[in-house]
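We have chain V; now place chains A and U with the ligands onto it with these hints.
Below, each chain spelled out in residue letters.
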Amino acid sequence: MGALTAAAILFGAFLILLFSGVPISVSLGVASLVTALMFLPWDDATYIVGQQMNVGIESFSLLAVPLFIFAGNIMNTGGIARRLVDLALVAVGRVPGALAHTNVLANTLFGSLSGSAVASAAAVGSTLHDRQKEAGYDPAFGAAVNVASAPTGLLIPPTTAAIVYSTVAGGVSVSALFMAGYVPGILMGLVIMTIAYVFTRRQRYPKLGRVGMAEAARVLLRAVPGLLLIVVVVGGIVFGVFTATEGAGIAVLYTLVLALAYRSMSWRDLKEVVTRTVTATGIVMFLIAASAGMSWVMAYTGIPGAITDTLLSVADSKTVILLLMLLVLLIVGTFMDITPAILIFTPILLPISEELGMDPVHFGMVLILAMCIGTMTPPVGSVLFVGTGVSGVSIEQVVPKLLPYFAGLIVVLLAVTFVPELSLGLPGVMGLLE
Amino acid sequence: MTTRDRLNRVRRVLGGVLAAVAGTLLVLMTLLVLYQVFTRYVLGTPAAFTEELVRYALIWTSMISAAYAFLHRKHMSLLFLRDKFAPPVQRGLIVGTDVLVLVFAVVVLVIGGTMLALSADTNYSALLGVSRGLVYTIGPIAGVAIVFAQVLNIWEDLTGEVPIETEGTD
Amino acid sequence: APTSGARTSVEATPQNPLVLTLANNLGDDHVTSQALASFAEDVERRSGGRIVVKIYGNGQLGDEPDVLGQLHEGIVDMTRVSAPGLATYDPGYHTFGLPYLFDSEREFHEVMDSPEMAEYFRSTADKGFLGLTYYSSGARSFYTRGTPVRKPADLRGLKLRVQDMRSQTDFVGALGAAPVVMAFGDTYTSLQTGLIDGAESNETVLTDSAHGEVSKVFSMTEHTWIPDMLVIGTETWDRLSPADAKLLSEAARASTERQKVAWAKRIEESVAEAKEMGVRFVTDVDTEAFRKATRPVVDRYAAQYPEVAQLLSVIESGRN
Ligand code: NA
Ligand code: NA
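Chains as they are written, first to last, in the numbering used here: chain V, 1 to 434; chain A, 1 to 170; chain U, 1 to 320.
Among the clues, some could well be false.
To give an idea of the chain V side of the interface with chain U (calculated C-beta under 10 Å), a few residues [stated by the list, open to error]:
hint	residue
1	19
2	38
3	44
4	51
5	170
6	173
7	175
8	242
9	296
10	345
11	406
12	432
Hint data in this document are derived by calculation from the structure and do not stem from the laboratory. We put the beta carbon where it would ideally sit given N, CA and C, even for glycine.
One chain only, chain V, in its complex shape:
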């Protein structure tokens, strides 16, 4: 049986299960098992999927994922997010459309800390929603800006997306990925601000009142401990003071101490935070476990090699192949969340990108950015759902307002894909690339 037959069985079974509503992790596991059964006796197939699901999550580096989720949840509950929003308000308050820009800036700051686009969309969106309403903002417009900018935090470190990618890509340096994310992430934020500026100028939304120096200083001071966390955690990881996992552990300790100092978290809140973290851990880690089973079956049956050969024989220009890959990623992103998409598509597309001479760090940025766009599209968009949910508008109202941002972000995606320096410049200068 050939690799392409195996691919047809694996992806066919997966898609049928996926669209029937079977959890993504179980769809992956069952599809892998069924494919393995085509090649191996049942006891071997069962053993191998069981083995890979266990050893796939036996990794010190992967612990960074639950720990960053933990830290993000503490930050959310502990009042650290709100202080960052206050700071953003002061920083861009005098620009026309201030509350929209505040939203983008706060998402960049907060998402950078929490490492989760969804947490960012929820925390920042709900904090700003009422103020935007008071100022006469169209709630659908406000939600669109929030949804479009929340995923910047998936590129700007610390980010669990980079850690997950690093693991499936065979240990690509987390430090390099972290530094690579800054330029694309900031570029994304600037493009959104520019588009929002054009729209808000037309709407003549009010500027915010001038903030006195004393008040500005007070707000900054209150936000400093939160900001310092980025410096400590990202700096510590990038400069090798500690590993990404240790950095995540320090982030948990730091946010916890801060939350206690602010007296904004009760014992009951903490228990709630732990339970929420446990749930998210179960979801993400079980997905990673199942995708390890799939990776083994794909390697054993030779699927990635066969797909690479097929694609390279169909198109011979690097540009065409890259555009095809982007198209695939954008389609995948419309119906799949970022973590499963990274887990499933890295083993398939990374070899192709390497064949094209792309650095794995660069490819990681392209992959994550494409998936960022995916998180804001229907029918499945975690950030879209949460972002619209907190502003009390319907998805149908928000999507038309999102269209200009999609256009802008696709331009950013093309730039990041075809200009490697945007991703590789910073880590290159710091000597983090191999």
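Same frame as chain V, but now just chains A and U with the ligands:
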């Protein structure tokens, strides 16, 4: 006490135990990671055992947390297509899904996991000298917990009882 | 074993060959990977296409302990592993991770090529695998960011990355250093940033993994000679006719001879390249002091595992 009350109580107890164990492990792993940094920078001699212990604890935490997420139907899935079907078809898909999860837990986690644990029985870890067979027993343990969770979920599907507790996640 | 294709080498034909999977977690351009590729070609040629060895390189099927589990279950047929990794199934293989068993490369090859050693490799069929042949991985030495290591005291308090094997943490600990177990992929950045002070490996690590950029002193302590093993599952071995079993063994041995030559050449190239990178090689090492300091570890293993004691005597007798 009705059947529903009894099953709900089972769900609450099982959920409580899973969350407590996974939560404790999560906090323990955080402390181990911090201890590792502490021993390296403050004591000057890095603790070697933490890395290994954390790796094993992560498997346990993940598997138990996964069971907890199954109990509360929190695993990520794509429902927009299913929701377009007529109610009887939807119901069929829901029951089918929950049965499939149960079968998967039995075949891969309980049976495959037991085979793995047995074959790794004499495989001792480099630093702590614990048998990896022991580490991998979490597969069958979590598998059995998922079977319990799915039995409750399937009963719920069939009787149409509303889930008693739903929690917000992100 | 796959459900398709020939079950045994007797029923295999060029049209329906016996396909044997071989897992290897080294990169494809590694000297030993090339030896394995030549082994596969050789088997196919010698068998007239009845036996095909299909290689999965680059660790596609998993890390060494996981692949050994797969070998044990009969999912993969052969694998290349670092010898001490086999201790899980036969404690005797701990021996190959112990320090100062061999005085020189010549002695290492003499012992490894001896008939007694060949007999030992074949003695583990009841444990699920047999050794087909070994490949040299050179002598391992300590390399550091800047500290020359001439005597055990020079290692005191240094944080050194070691392989994830008990024998390695044991003897490095016995030398007064702090052994750090970490993934090989993290070693470069950890050396760069000073998270660790050094590591231990053969000379090729300086160039092939670019560690010479971040650690400038390579001290020729030559503490271990850890060979790689090419092993075959007993279940697969039993599916070979005696003639085909012989064919496979001979092809394996022949690949070892080719690998020896290629390895020596590679080491020479690496040393020259590393010197160009500015790595200093420290050769005036007090080997005797290291041997003395680590002897208790060897004795402890011999006392704990009769298989180790047995293999140590095989090594002793092969040394003449
Ligand atoms: Na982030
Ligand atoms: Na989407």
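The hints, checked one at a time:
1. Interface restraint check for residue 19/V: the shortest CB-CB distance to chain U comes to about 29 Å, outside 10 Å, so the restraint is violated.
2. A distance limit of 10 Å between C-beta atoms decides the matter here; for residue 38/V the minimum to chain U is near 8 Å, and the interface restraint holds.
3. Because the beta carbon of residue 44/V sits about 5 Å from the nearest beta carbon in chain U, less than 10 Å, this interface hint is met.
4. Interface hint at residue 51/V: satisfied, since its Cβ lies 6 Å from the closest Cβ of chain U, which is below the 10 Å cut-off.
5. Below 10 Å, beta-carbon pairs count as interface contacts, and residue 170/V has one with chain U at about 8 Å; its hint therefore holds.
6. A distance limit of 10 Å between C-beta atoms decides the matter here; for residue 173/V the minimum to chain U is near 6 Å, and the interface restraint holds.
7. For residue 175/V, the interface hint holds, the least distance from its beta-carbon to any beta-carbon of chain U being 6 Å, beneath 10 Å.
8. For residue 242/V, the suggested interface contact is upheld, since its CB lies about 8 Å from the closest CB of chain U, less than 10 Å.
9. With a cut of 10 Å, the hint placing residue 296/V at the interface with chain U holds, because the nearest CB-to-CB distance is about 7 Å.
10. The beta carbon of residue 345/V is not positioned within 10 Å of any beta carbon in chain U (closest approach about 17 Å), and the interface hint is therefore violated.
11. About 37 Å separates the beta-carbon of residue 406/V from the nearest beta-carbon of chain U, more than 10 Å, and the hint is not met.
12. Proximity of residue 432/V to chain U holds as hinted, the smallest CB-CB distance being about 8 Å (cut-off 10 Å).
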